[in-house]
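Visitor: Make the full structure from the sequences, and use the hints.
Keeping their order, the protein sequence lines are chains L and X.
Going by our numbering, the first sequence opens with residue 12, and the numbers climb by one from there.
Going by our numbering, the second sequence opens with residue 16, and the numbers climb by one from there.
Do not take every clue at face value.
To be verified - A few chain X positions that, by computed beta-carbon distances, are all more than 12 Å from chain L:
{"#": "1", "residue": "L26"}
{"#": "2", "residue": "A60"}
{"#": "3", "residue": "R76"}
{"#": "4", "residue": "M93"}
{"#": "5", "residue": "S108"}
What the hints assert, rightly or not - Straight-line alpha carbon distances no greater than 25 Å define the calculated DSS-like cross-link-like pairs of lysine-lysine that follow:
{"#": "6", "chain 1": "L", "residue 1": "K24", "chain 2": "X", "residue 2": "K57"}
{"#": "7", "chain 1": "L", "residue 1": "K63", "chain 2": "X", "residue 2": "K115"}
{"#": "8", "chain 1": "L", "residue 1": "K41", "chain 2": "X", "residue 2": "K110"}
{"#": "9", "chain 1": "X", "residue 1": "K20", "chain 2": "L", "residue 2": "K41"}
{"#": "10", "chain 1": "X", "residue 1": "K86", "chain 2": "X", "residue 2": "K73"}
{"#": "11", "chain 1": "L", "residue 1": "K41", "chain 2": "X", "residue 2": "K115"}
{"#": "12", "chain 1": "X", "residue 1": "K30", "chain 2": "X", "residue 2": "K83"}
Stated by the list, open to error - Per the computed footprint, the stretches of chain X lying under chain L, defined by three or more beta-carbons under 8 Å from a beta-carbon of chain L, are:
{"#": "13", "region": "79-85"}
{"#": "14", "region": "119-128"}
Simulated from the structure, these hints should not be mistaken for lab results.
Source: prediction; values computed, not measured.
C-beta: ideal position from N, C-alpha, C; glycine also.
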Amino acid sequence: DAGVTQSPTHLIKTRGQHVTLRCSPISGHKSVSWYQQVLGQGPQFIFQYYEKEERGRGNFPDRFSARQFPNYSSELNVNALLLGDSALYLCASGGMRAGSPLHFGNGTRLTVT
Amino acid sequence: QQQVKQSPQSLIVQKGGISIINCAYENTAFDYFPWYQQFPGKGPALLIAIRPDVSEKKEGRFTISFNKSAKQFSLHIMDSQPGDSATYFCAASPKTSYDKVIFGPGTSLSVIP
Chain L
12 DAGVTQSPTH
22 LIKTRGQHVT
32 LRCSPISGHK
42 SVSWYQQVLG
52 QGPQFIFQYY
62 EKEERGRGNF
72 PDRFSARQFP
82 NYSSELNVNA
92 LLLGDSALYL
102 CASGGMRAGS
112 PLHFGNGTRL
122 TVT
Chain X
16 QQQVKQSPQS
26 LIVQKGGISI
36 INCAYENTAF
46 DYFPWYQQFP
56 GKGPALLIAI
66 RPDVSEKKEG
76 RFTISFNKSA
86 KQFSLHIMDS
96 QPGDSATYFC
106 AASPKTSYDK
116 VIFGPGTSLS
126 VIP
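Guide: See the structure below:
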């Protein structure tokens, strides 16, 4: 079975630009979560979507937005990029119940110059 | 404000030794405590998890010890192997949102021959 897939794997953008990151969850998973992992730190929760509705939002500015499509895939959008947005962006599916683990993709490495 | 604290930041253990990573939390709403293992270039992968009504859980060489009154939990890796060299994250999530996982800052483990 395919795991969580993310695209692109690497991305270089300039300050002020916009970026869209994509995620496909494990087949059958209806929940998608996004995390930001700055180098040397633990992942930080950004968003969670279930059945196309936002179910949770972390402490991130409004420049960050996301959506989930009818096939449960998801996009994370970041506007007006700042240098501090450089990070590994992780998508995860599953995890809706205790004992049901989050399955992470390998992430998109975003570098903002 | 770090909701999940983790120590040490880095750890070097000889092959065959015991690796111990300690974590602490403040939020009593946390109800599920997973540990994730992350290799370079990969997303975090669930290693083992525990609920607060259990004081210890063992899976192979990995054991979680949980002290609910002290709000502390730890990971023990027995017979550590070079292949265990990775970054380990303790984490916690509340009953209201098991997929909103709060990660600790991570421990970089190196197992030397």
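Visitor: All the hints need checking, so say for each whether the structure fits it.
Guide: Quick rundown of the hints versus the structure:
no.: 1; hint: L26; verdict: holds, 15 Å
no.: 2; hint: A60; verdict: violated, 7 Å
no.: 3; hint: R76; verdict: holds, 19 Å
no.: 4; hint: M93; verdict: holds, 22 Å
no.: 5; hint: S108; verdict: violated, 8 Å
no.: 6; hint: K24/L with K57/X; verdict: holds, 22 Å
no.: 7; hint: K63/L with K115/X; verdict: holds, 17 Å
no.: 8; hint: K41/L with K110/X; verdict: holds, 19 Å
no.: 9; hint: K20/X with K41/L; verdict: violated, 31 Å
no.: 10; hint: K86/X with K73/X; verdict: holds, 19 Å
no.: 11; hint: K41/L with K115/X; verdict: holds, 15 Å
no.: 12; hint: K30/X with K83/X; verdict: violated, 31 Å
no.: 13; hint: 79-85; verdict: violated (count 0)
no.: 14; hint: 119-128; verdict: holds (count 3)
Checked against the numbered hints given earlier, the structure breaks hints 2, 5, 9, 12 and 13 and satisfies all the rest.
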